[in-house]
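Letter by letter, the chains look like this.
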Amino acid sequence: MIKIFRLKNIISVKDFEREDIEYILNEASKLENIAKSKETSEELKGKILGLMFFEPSTRTRMSFETSMKRLNGECIGFENSKSSSVSKGESIADTAKMIEGYSDALVIRHELEGVSKFISDIVEVPVINAGDGAGQHPTQTLLDLYTIKNEIGFIDDLKIALIGDLKFGRTVHSLAYALGLFNNVKIYLVSPPELEMPQEVLHDLDKTNVKYEKVDSIEKIIDDINVLYVTRIQKERFGDINDYLKIKGAYIINRKMLEGKDLIVMHPLPRIDEIDTDVDNTKYNKYFTQAENAVPVRMAILKTLIKNNPK
Amino acid sequence: MIKIFRLKNIISVKDFEREDIEYILNEASKLENIAKSKETSEELKGKILGLMFFEPSTRTRMSFETSMKRLNGECIGFENSKSSSVSKGESIADTAKMIEGYSDALVIRHELEGVSKFISDIVEVPVINAGDGAGQHPTQTLLDLYTIKNEIGFIDDLKIALIGDLKFGRTVHSLAYALGLFNNVKIYLVSPPELEMPQEVLHDLDKTNVKYEKVDSIEKIIDDINVLYVTRIQKERFGDINDYLKIKGAYIINRKMLEGKDLIVMHPLPRIDEIDTDVDNTKYNKYFTQAENAVPVRMAILKTLIKNNPK
Amino acid sequence: MIKIFRLKNIISVKDFEREDIEYILNEASKLENIAKSKETSEELKGKILGLMFFEPSTRTRMSFETSMKRLNGECIGFENSKSSSVSKGESIADTAKMIEGYSDALVIRHELEGVSKFISDIVEVPVINAGDGAGQHPTQTLLDLYTIKNEIGFIDDLKIALIGDLKFGRTVHSLAYALGLFNNVKIYLVSPPELEMPQEVLHDLDKTNVKYEKVDSIEKIIDDINVLYVTRIQKERFGDINDYLKIKGAYIINRKMLEGKDLIVMHPLPRIDEIDTDVDNTKYNKYFTQAENAVPVRMAILKTLIKNNPK
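Just so you know, the sequences run in chain order E, P and Z.
Residues in the first sequence are numbered from 0 upward in steps of one, following my numbering.
Residues in the second sequence are numbered from 0 upward in steps of one, following my numbering.
Residues in the third sequence are numbered from 0 upward in steps of one, following my numbering.
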């Protein structure tokens, strides 16, 4: 098994090697009972996590808080830029240095790509990127991989379809990239022409062992895949609303499409209507499990970074 | 003594039997020292309470947080619908399932009646209704009864006057209903004609042992009662402001009215001007004690539900 | 050494005697390892701090929260008046009494001078003033003194320059007053004529051993001082923006001015541009250390007040 986690900060999936991912997934497994409230822990007793959410994100914020608190740690911070000192004209650097003075690690959410990296360069405590604009959301990718490993049993040899908005959806970019670190993965890309996977992501995938293929309908590949990974198509992405209405239905998943298939459905949430609620009470639904997996995975990350980098 | 609390969720006073109420009041008594910071506890160590406040309520939120924290538990959640994922278009059901994944119990506050019940039907952790619109606020009723029992010594044979807005005030509806589970209680109803107790509440009371009587002034009954339970009359309830100004004074409690009487004054708070501050430093004032009692009572509820329903 | 801290509340620097200050600085020293996350503590286990922030202040709020949590205590409260019950028409007195019922101590931030004092008169738990309008911010002064003592080694015989807005800056008023409790301190006052130290503060200083002197440029005294204490000049203070622009540059500190000098630079933060960022990575920069010192000092205050005044 892997003995060391090399990274001090979690900024981008591109910093990961396969062993880093396996280390976190393995730690997360060991923390399952604590995450699920079956055991208590004092692993991070007295430690404080600084949450710098320049833009709101209830789900991400609450799962980081839960992860810290299940390990007997505590949180401080702000939920949006209006309640930060930046609203008084303070620089992001000064704000980060102040919160660093109070905390053992920082979690950053910002609408601009690169802010987490910038902060990690000026503070000494570990920094975790919790989403920066169209950029990265690496802890989401780790919990996606954890869900795949737990539910399917393997990541090497995986066959996965990425559905919906592949152009702007940062979770599918990060996930595709991370899958490139595994062996013999096949990715099907299913999206409207307006929302295809960007050329630079495909270019990155070309350098890996991943095979990818664009397909124009879910039906064509639904018998071949282990995972259907659905993302939301925002109508704001379309200049003409009629273009949106025309294609919309082709990317909505319902129970009937899934019957008899051997696969799971994942979604980074929040869902609007791209998965019909009739899927919720079926064995295909793993999107709520995926959300719940945020806790053991983020616990593993917090524990590892804070223990490896004491103040 | 009662050995078991039957309910998994606290949604409505109408679900209570007398023994459920007595169970919680008895537990609350045992938790007094911890509530008052004289002893520490690890009863809910590592446990997490999910607070879903779709509308703000400082008092209720803070007393639930205090109750959880005095028992060494923790809280996550949101304080208003703007900071929930519902503001991004997520359904309440999905939001509740997400937070369920992180928590051991949920507390729901919503401006619409029935939301707590709806959520309790789709999640597996215990759900506590912390106020839904004109509907129920059952934990308020429990702390009201706890205050009566502690301060008067009995609930059977109680004589209580409900004063003020009996039409829209949900606390008086719930309290009247709960008193119907006890023996030989007499309720005096004192309100302007525009704000009388609704017919359906009276209809419910007719099925119980409670006797009730409408009276047109506080003076007539002030020598006969153990408890004067005051609620606020909002001027917005009156079409014509002059109607409000005419009646207003008749429902304001002051020190002079109370002198020489053997009773206590209660109020769910916040108070505006319906109890004169000259009552604050008298023996009649039990409204601040009542507010403080929120903690042992909510501690008893949280402890009971979370211990009885482990994840 | 000092054995007792006399005060129950921390309202104003004017309530301090030298021994009170020394008691807190000494306690803060002993708590350094816990503040810096090198040791854990259960000193305030089960205790709850009520934060009543009628106006937002991220830095002050987070450092109080951190201080409480490092000692294994917890916090409840509100961050701005909109999320308090005062927004529903409740009086500040009633709000304070409610939160008192849930907490072991209160921290008050309000835009009006005197609110903390008013609240301390009506509640029984200890009250800490975390800034009231143009009035006092006594815990800031304590952390300023702690920083001076740690970094310079002494407070008696100190030579300090106060720079910038000496008229409206409450931190410099409080600091000057507190320095009056020490021996043989010399204060240089450097400000534009529009923003000179108020006559009443100078009058207070005249009654102490402090010597003060107005000087019209930093250059004249920079070789003589131990501490350069910088505050921000807000352009809103000037009727004519041109007056502001004319004087602005004379009060900006940069690396070149400091080279070869034997002094430290302090600032209560947030900084806008009155200290050039080229000072950040020099030995002169103690403003980030000063911000970090908020934690041991506020820990010392919280521990002392809560332990000395059990509910």
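Keep in mind that the hints were calculated from the coordinates and are not lab data.
Please note: incorrect hints may appear among the correct ones.
Identical copies go unnamed one by one, so any copy, or any two together, can satisfy a pair.
Claimed, not checked - Straight line, CA to CA, 27 Å or less: simulated DSS-like cross-link-like pairs of lysine-lysine:
1. 2 to 44
2. 96 to 35
3. 7 to 148
4. 29 to 310
5. 96 to 37
6. 29 to 255
7. 87 to 29
Small disclaimer: the values here were computed from a predicted structure and weren't measured.
**Report entry** Numbers of unmet hints, in rising order
**Finding:** Failing hints, ascending: 6, 7.
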